Amino acid sequence: MDVTAIGAGLCMLAAGGAGLGMGMATGRAAEAVGRQPEAAGKINSIFLLGLALTESTAIYGLLTALIILFVQK
Amino acid sequence: MLHELLSAAQHYGALIAGLLAVAFGLVLRRRSARKLSAVEAPTRRQKLPKRIFTLLSAFGGWLFVVMLISLVFHKEEKGEFAPPEIHPKAVALFGTGLHVSPTLLTTWGILLVIFAGCLVLRFTVLRHMQDNPKGIQMLLEAMIENLDKYIGSKLDGMSLSFGAYVFSLALLLVCSAAVELLGLHAPTADINMALGLALITFFLINYYGFKRKGFAGRVKSYVGIHTELPPDANFAQRAKANLKALAKPATIAVPFRVLSDLVVPLSLSCRLFGNMFGGMVIIELLYWALGHRAVAIPSVAGLFFNVFHPLIQAFIFVTLTLSYIEEAAADE
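Residue numbers (the numbering used here), protein chains in the order written: chain B, 3 to 75; chain C, 28 to 359.
By construction, these hints were calculated from the structure, which means they are not laboratory data. Bear in mind that the values here come from a model prediction, so they are computed numbers and not experimental data. Hints are not guaranteed to be accurate.
To be verified - Mimicking DSBU-like on lysine-lysine, the simulated pairs with C-alpha atoms at most 35 angstroms apart in a straight line are:
{"no.": "1", "chain 1": "C", "residue 1": "Lys240", "chain 2": "B", "residue 2": "Lys44"}
{"no.": "2", "chain 1": "B", "residue 1": "Lys44", "chain 2": "C", "residue 2": "Lys176"}
{"no.": "3", "chain 1": "B", "residue 1": "Lys44", "chain 2": "C", "residue 2": "Lys161"}
{"no.": "4", "chain 1": "C", "residue 1": "Lys116", "chain 2": "C", "residue 2": "Lys181"}
{"no.": "5", "chain 1": "C", "residue 1": "Lys240", "chain 2": "C", "residue 2": "Lys176"}
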């Protein structure tokens, strides 16, 4: 039986954690801008960097899933 | 024969259905719009029919155009999904025995285009530089100024010659993402290319780390304890202080710090490659799923996956490069 698809689906659980983290970061960034609107530029750059690092978790999961699906056969 | 006939009937049926959907959608939309104008301050619910009929006519129009195109150009039906390769197979160059990776060829093409663009700019715009900039000159100056400001804000007090490296990196990343719009395999969607770029960054991080702090300073920064030494301390004093620093409890974190520095090329390359490759797979899947109806919709999706996302990734790659270099070279 071919169960590789299930493994690939399990890999994408990583996206859940990344989504949670990104949502929290966005909420905090919005809060920070609301508190200190004059620091919006600095907050924005820190926020983008953090978002990219968080997103990479999901990307690693996606990469593993794609490799399982298309390369590892 | 029967199969062909059925498929043709399907095509013409869909064509007529699209046309009918447009006609009905427009007529019904007009009727509901007239009804809506009688009501002042309509609620969302009252607006709903008009919106639905607008969507219906838009969908009908799309179906009509798609079927017309597929009738004219005889687009083939979808077959087995062929997944893209994480590193494309080498192709024989000009029928000779020389096998070259398509990634390399595409990158050469991109470099040629960039080089030609630079030459054109050199001999047109840069020849006629003015004191109050206009047009392209203004664009170029704004670009360089913003980049310098950005690098200055990241790498405080370090040389601005990073601008050249950072700008070429960003340009290469953006161009190699744009190549995908032409239907080619993007070079950065090849794991080797992504790893190569990440290794250059890794080399730069360590080069500037060692150049700025020296070997002992780098080791000390791993240990995380900064010993205060008079600037004219002799070698024995320095060695003693360093040894003392190494013996502190923070020593336990050394392997992790070393590991997290060594893993930088892997994480950088996987991030870039994963993004580009993921976007490409999604677009390919969309083309496959839509089959010969792949008109208009993939271009909208491609705007996100092939234009916006790679731009963000280029920015992220550059930002991370600068951040790592700053971290490695920062004075305590």
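Status of the hints after comparison with the structure:
For a cut-off of 35 angstroms, the pair hint linking C:Lys240 to B:Lys44 stands: about 28 angstroms separates their Cα positions. At most 35 angstroms may separate the alpha-carbon atoms for a hinted pair to count; B:Lys44 and C:Lys176 meet this at roughly 13 angstroms. Between B:Lys44 and C:Lys161 the alpha-carbon distance is near 30 angstroms, which keeps this suggested pair within the 35 angstroms criterion. For the suggested pair C:Lys116 and C:Lys181, the alpha carbons sit about 39 angstroms apart, so the restraint of at most 35 angstroms is broken.
At most 35 angstroms may separate the alpha-carbon atoms for a hinted pair to count; C:Lys240 and C:Lys176 meet this at roughly 25 angstroms.
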